[in-house]
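J.: My request is simple: use the sequences and hints to build the entire structure.
Number of protein chains: 2
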Amino acid sequence: MKDHAKLWLAYTPKKNNRECALLSKFSFAGADGTDSIVKNAAAELKCGLKSMLDIEPEIVYGDTAAQIKISNGKDMQAREEYSISLSGEGVFIEGGSAAGILYGVFDILRTIACEKNIEEAYKAKKTVRPSNPLRMLNHWDNMDGSIERGYSGESFFYVNNEIVIDERTKDYARLIASVGINAVVINNVNVKDAASYMITDRYFDKLALLGEIFAGYGIGLYMSLNYASTIEIGGLDSADPLDEKVISWWKTKMAEVFSRIPTLKGFLVKADSEGRPGPFTYGRTQADGANMLADIVKDYNAIIIWRCFVYNCRQDWRDRKTDRARAGYDNFMPMDGDYHDNVILQIKNGPMDFQIREPVSPLLGGLKKTNQMLEVQIAQEYTGHQIDVCYLIPDFKEILGFKTYCSESNDTVADIISGDTFNSRFSGIAAVTNTGNDFNWTGNYLAGANLFGFGRLAFDTELSAEQIAEEFVRMTISDDEEVLATVLGILLPSREIYERYTSPLGIGWMVQPATHYGCSVDGYEYDRWGTYHRADHLGIGVDRTDKGTGYALLYNEPNASVYNDPEKCPDELVLFFHHLPYTHVLHSGKTVIQHIYDSHFEGYDEAKQLAAKWETLKGKVDEDIFENVRERFERQLVNAREWCDQVNSYFYRKSGIPDEKGREIY
Amino acid sequence: MKDHAKLWLAYTPKKNNRECALLSKFSFAGADGTDSIVKNAAAELKCGLKSMLDIEPEIVYGDTAAQIKISNGKDMQAREEYSISLSGEGVFIEGGSAAGILYGVFDILRTIACEKNIEEAYKAKKTVRPSNPLRMLNHWDNMDGSIERGYSGESFFYVNNEIVIDERTKDYARLIASVGINAVVINNVNVKDAASYMITDRYFDKLALLGEIFAGYGIGLYMSLNYASTIEIGGLDSADPLDEKVISWWKTKMAEVFSRIPTLKGFLVKADSEGRPGPFTYGRTQADGANMLADIVKDYNAIIIWRCFVYNCRQDWRDRKTDRARAGYDNFMPMDGDYHDNVILQIKNGPMDFQIREPVSPLLGGLKKTNQMLEVQIAQEYTGHQIDVCYLIPDFKEILGFKTYCSESNDTVADIISGDTFNSRFSGIAAVTNTGNDFNWTGNYLAGANLFGFGRLAFDTELSAEQIAEEFVRMTISDDEEVLATVLGILLPSREIYERYTSPLGIGWMVQPATHYGCSVDGYEYDRWGTYHRADHLGIGVDRTDKGTGYALLYNEPNASVYNDPEKCPDELVLFFHHLPYTHVLHSGKTVIQHIYDSHFEGYDEAKQLAAKWETLKGKVDEDIFENVRERFERQLVNAREWCDQVNSYFYRKSGIPDEKGREIY
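As they're listed, the protein sequences go chains A and X.
The opening position of the first sequence corresponds to residue 1 in the working numbering, with each subsequent residue numbered one higher.
The opening position of the second sequence corresponds to residue 1001 in the working numbering, with each subsequent residue numbered one higher.
Please keep in mind that the hints were generated in silico from the structure rather than gathered at the bench.
Note that this is a predicted model, so its numbers are computed, not measured.
Glycine included, each C-beta is placed from N, C-alpha and C at the ideal position.
Here's a subset of chain X near chain A, in silico, CB distances under 10 angstroms, partners left out:
1. S1520
2. V1521
3. D1522
4. G1523
Restricting the straight-line Cα-Cα distance to at most 27 angstroms, the calculated cross-link-like pairs of lysine-lysine (BS3-like) are:
5. K1006(X) <-> K1620(X)
6. K321(A) <-> K1661(X)
7. K661(A) <-> K1321(X)
8. K1192(X) <-> K1206(X)
9. K1039(X) <-> K1126(X)
T.: As structure tokens, this is what we get:
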């Protein structure tokens, strides 16, 4: 028995392209055949062609291109670019470096796996340069094997505080490289217990080996760092970033770390957040903390990624002036320009915490002189725990396409994180990942679409959610047209359906505290987390306008004016920005309360339809896949029903306004 | 350093009675000096007199009274009776048996510890017969050392699945015997893991030794039993009480158990409750299950105590017909008379689960042909976790004094559980206990009053809450009159204060799920536990009248009519029985909503006053005691404030009705 699924690299036999003679000969240019990445690319190509088409290609290697030292994100993009062209002699893949060749190989294999005709696909020379320099996964794996917000088993990196390297490690690298990921943070941002010792001799050998494996697939190794390492493992009594003893300890430590793990590319740091230590403890700024570390790792061409998830997690629910949504902006904007050029700020897509619907963080489009990276979450923490199906790529597309009005052109989030808008030295996109040691990696097979899709979208932000979903289904589930249509009919609307049966109109939360799965309308209402809906018998929502917390004004115009005005604000965000009476009429023509009722009944009903669609696939897809998803739909329907009935009952009991359609509310 | 406090057996030097010559000579009658209980009584007397008064008494032993074999509760009471009289020669203690002598000794030591004059106290011969045959503590200790609903450390019976017997074991026996406890169930009613093996060779030797120690203080050893032992440790595939293989297994097992633990008195069983196995699994009645076991243990003069806490814990919150409050009655009344005469049904005081205010269970006064025992809880699960001070004896007094109208006279709960009303063969009272291995046994020193008070009240239900509190304070904290007045001023109103700042008017719950500490008004509202307040924008409460679930009619008249009518129902229970508009006027003259506001503001305010009173004791009581209680008051005030503000805000937001007094609501 296989211990893990091969997912989109299953390379099952294909019908088309079997007679394509061009596939018998490949020329690689850009790196010679001795490069470990090129070797892996060649092996992958041979394996894929043999399995899918029974072709054993000859590969000719060209010269190595002049190796550019990477000094910024543009260099990275250039080195990862690839071109594919056909000639009478065969297929020609040219890479900006070995990594480019690898991506080109995966492009060809994907084309074959999707049963597209090679000669048509590459009739014109195809050149692709990745949209983002950094395309990163953040693992929240703990060294005891648990995964914070993990919904697909335990860690495959760690067992009992030891690093495990096996067949799965390599297959993981193949899977994520195949969709274009080039950076992985291998441990939880909440660094504690054994993870504090990752930068000690105890783990160096294994980390060096892991880094080598990753490097062979063009993937940079990153680690989360405990900001207070000087205290926790260094024996100092301070972590003050301006303290000479602290700086000196880090210099020595980093020299050791980079000499022992030569492939290491940098660190991710969560400081001063949710109880984690940080520079605020010492009266220093976030920039002081980040720059201190960045200056030291600069000698090793490494970077410091600094999370902007800093807010007061001990807020008083009685206090309506403090606004958690403002926290990231208020904490990080004043120092725009102060961060050194190998620091990247990693910014969550929304100002809160990965809710099913949030406005885009105003830091994106606010910061103009700081390297930036967008953080999204494919671990379905608030979006159904990989029980409920929730294809997130449409959400990410909206975020990337959001016009920030930070400049006259090239002002979308995609533009900013590509590095184009501000000519940033480094930039990119990271996802908190959704993997674990479950056989199928992601718990629900359909959740694999988010892992696949994140990588593909990060590499090419122009791809549509539909294209990506189609590739995923064809490669992972089935290329039968009827199956494809059915699964697309499940994946594509799933995020809006999840939204409809959960928290309405952008207000977010209403989840069970701690687990974040299941409904509890008041679950966080009287708690310390700054996450309130402020519903009373007359209305609901948070006033974040100029008359409220002022958050809406943190956006550039015209966004600020749009969000600040309940008549202009898009319906889907209106309760995020405004406290409105239940009788307020939305752009949709419905009142707020009727929208709540309608969307919840519809959402639950649509969830049932999704489940029914899946049932039609019995016997048409792999039995393991069918049962896995079927069982999760069973649980999703229980969840959706609870959400629907609890939300509707809560607001009916509170408002006293009946459903226009007289449906059953409790 | 002492590893545990001596509490009310501290025997500190006393001022009074030092010149009392009578205390130099004691005569014990009823058992001779070779009896282990008498030996312990003599040792206790000598130790107490020496420590408190520097007196070393001579003790003369009389003949052993004719030993009556105990065949019912009346025999037990007779054997535990004691008389104390004075003559020119000294103090004469006559016991119905050795246990009576022990209780007599503790009576005298208590009198001295409370600085009461011996010659006055016993001027007239004092004869005391315990009110209840069984006066029991139920430990919810697990063998891994954890305690379910324990708020004062870990178990002192178990460490790492082993039974620990040390100095503390004996001091525990002394402490509880001194207040009249004569039965202890030493393990959690939820029997699982290692506890399933308590009836195997693995633990017999230690249990025999523990039973011996208890027996030396007149305490019977009881164990909780896993109803499914035949499956879990017996290797059978059934626990059907009518299955011959099951019966045969139990016969063999019980013969082994009682031969190895000769002092064992019986078992407590939680069956068919909250996921525990039971006879319902096999389509049998609760009586079938209990009787099967009872018939087998009868040969060893042992009893089966069967808990009536059987209800549907997977209820649908949408369902307003099912009423958890009815469950005990509906499950157990139909078989009244079917239970064999060495079965006792153990009935929680209220129909729900130890809320701060509940009506008395209608099984008490309903069952007429069944042995009954009342179950209360001194572990402060719903009453403040031994952080908040909550002296429960006033609550227990109300319960015991409740007239059930089950007969023309002798119809109170106290009458029923004494065995008088129905001439029951066995009866009594049990408390889920509040102890752990904290230095002071009960977390908060003031929670010791509930352990002390439960024993005292179980022994003599005529004692008042005030008398008991005074004894506790004098013996445990200080006999200084000012300190006494202050601590009484804290203890006596504490339960009503706790009630005022938590859930109002008998509705109960509104607690944080799982932990049961802290406020969450909707915490259980949309959950499966059958514990709802049904609040909407117009009103609150559960309709348990003839027009609702009919629960009110389960009581004898006139209770049924009183509870069924909102105009007659006592205010403190009115929302338990009725769904009422917020504008309904209570007997107090206040509306429901104004009562909610007033009681919560008052309760929080009064909690602050309690804390302030305690502050005045700095320097006047032991520093350890002072700091222990002070620190808990700090936490109580945080808790009380949250309750006050959350409940008021919740109902203001829901009802839209402002506080008449315009106080701040959020």
